[in-house]
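With chain A held as given, fit chain B onto it using these hints.
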Amino acid sequence: GDSVTQTEGLVTLTEGLPVMLNCTYQTAYSTFLFWYVQHLNEAPKLLLKSSTDNKRTEHQGFHATLHKSSSSFHLQKSSAQLSDSALYYCALTSGGNYKPTFGKGTSLVVHP
Amino acid sequence: AQTIHQWPVAEIKAVGSPLSLGCTIKGKSSPNLYWYWQATGGTLQQLFYSITVGQVESVVQLNLSASRPKDDQFILSTEKLLLSHSGFYLCAWSLRGANERLFFGHGTKLSVL
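Chains as they are written, first to last, in the working numbering: chain A, 1 to 112; chain B, 1 to 113.
Because the hints were derived from the structure by calculation, they are not lab data.
Note that the coordinates shown come from a computational prediction; the quantities given were computed from them, not determined experimentally.
By construction, the Cβ of each residue, glycine as well, lies at the ideal position given by its N, Cα and C atoms.
There could be a bad hint or two in this list.
Chain A side only, calculated, beta carbon under 8 Å to chain B, not exhaustive [claimed, not checked]:
hint	residue
1	Phe-34
2	Lys-45
3	Leu-46
4	Phe-62
5	Thr-93
6	Ser-94
7	Gly-95
8	Pro-100
9	Phe-102
10	Lys-104
11	Gly-105
Here are the simulated DSS-like cross-link-like pairs (lysine-lysine), alpha carbons at most 30 Å apart as the crow flies [stated by the list, open to error]:
hint	chain 1	residue 1	chain 2	residue 2
12	A	Lys-49	A	Lys-104
13	B	Lys-26	A	Lys-49
14	B	Lys-80	A	Lys-68
15	A	Lys-45	B	Lys-28
16	B	Lys-109	B	Lys-28
17	B	Lys-80	B	Lys-109
18	B	Lys-109	A	Lys-104
19	A	Lys-99	B	Lys-26
20	A	Lys-45	B	Lys-26
21	A	Lys-45	A	Lys-99
22	A	Lys-55	A	Lys-104
23	A	Lys-99	A	Lys-55
24	A	Lys-99	B	Lys-28
This is chain A alone, in the form it adopts within the complex:
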């Protein structure tokens, strides 16, 4: 079946440093990848959705590029802000599945 792997459970950064959260996936079908962000005591909301292969998607200072050759959709930002502290989920939907598959999430903590 489909699977999503987020290797880091916790990432701690100093404000101003670059952010990179890893996401790799496995599926036998055509797929779309998503990043959702969940701030404390809030519901998850969509941050980014993948476009075509090797095309960069950007929103709110974050960006990600779907690389089918490496089955990856890593989330990046050039400079972390305190308000970026949150839980980030990578998820995929595929042509072979009715339900999205989520990774275990990465908690990002940005400190001054």
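Relative to the frame of chain A, chain B by itself:
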């Protein structure tokens, strides 16, 4: 515009008592519906999903059940709560199709004492 409403916002319940959580989606017909659970400080775990009225698939049951009595309504329930049921319950919907995103409700915080 589509709206998703979850009720109640929060519940404090005793172990062994029944529970019913609800979710209503307005402005969209025949959505896919989902229930997720999140332990305090934990990650999202999918519980149930439904693609049509009367049809619910279980992903992880956790001694809970779900029903879809109407196209726009999704209910999560149990007859006997356990301490381990505490956490944050999220309802979500999506359009049909492999490229569709999820829209989450605001969630219900459940404390079982």
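Violated hints, by number in ascending order, as checked against the structure: Numbers 4, 14 - these are the hints that the structure violates, sorted from lowest upward.
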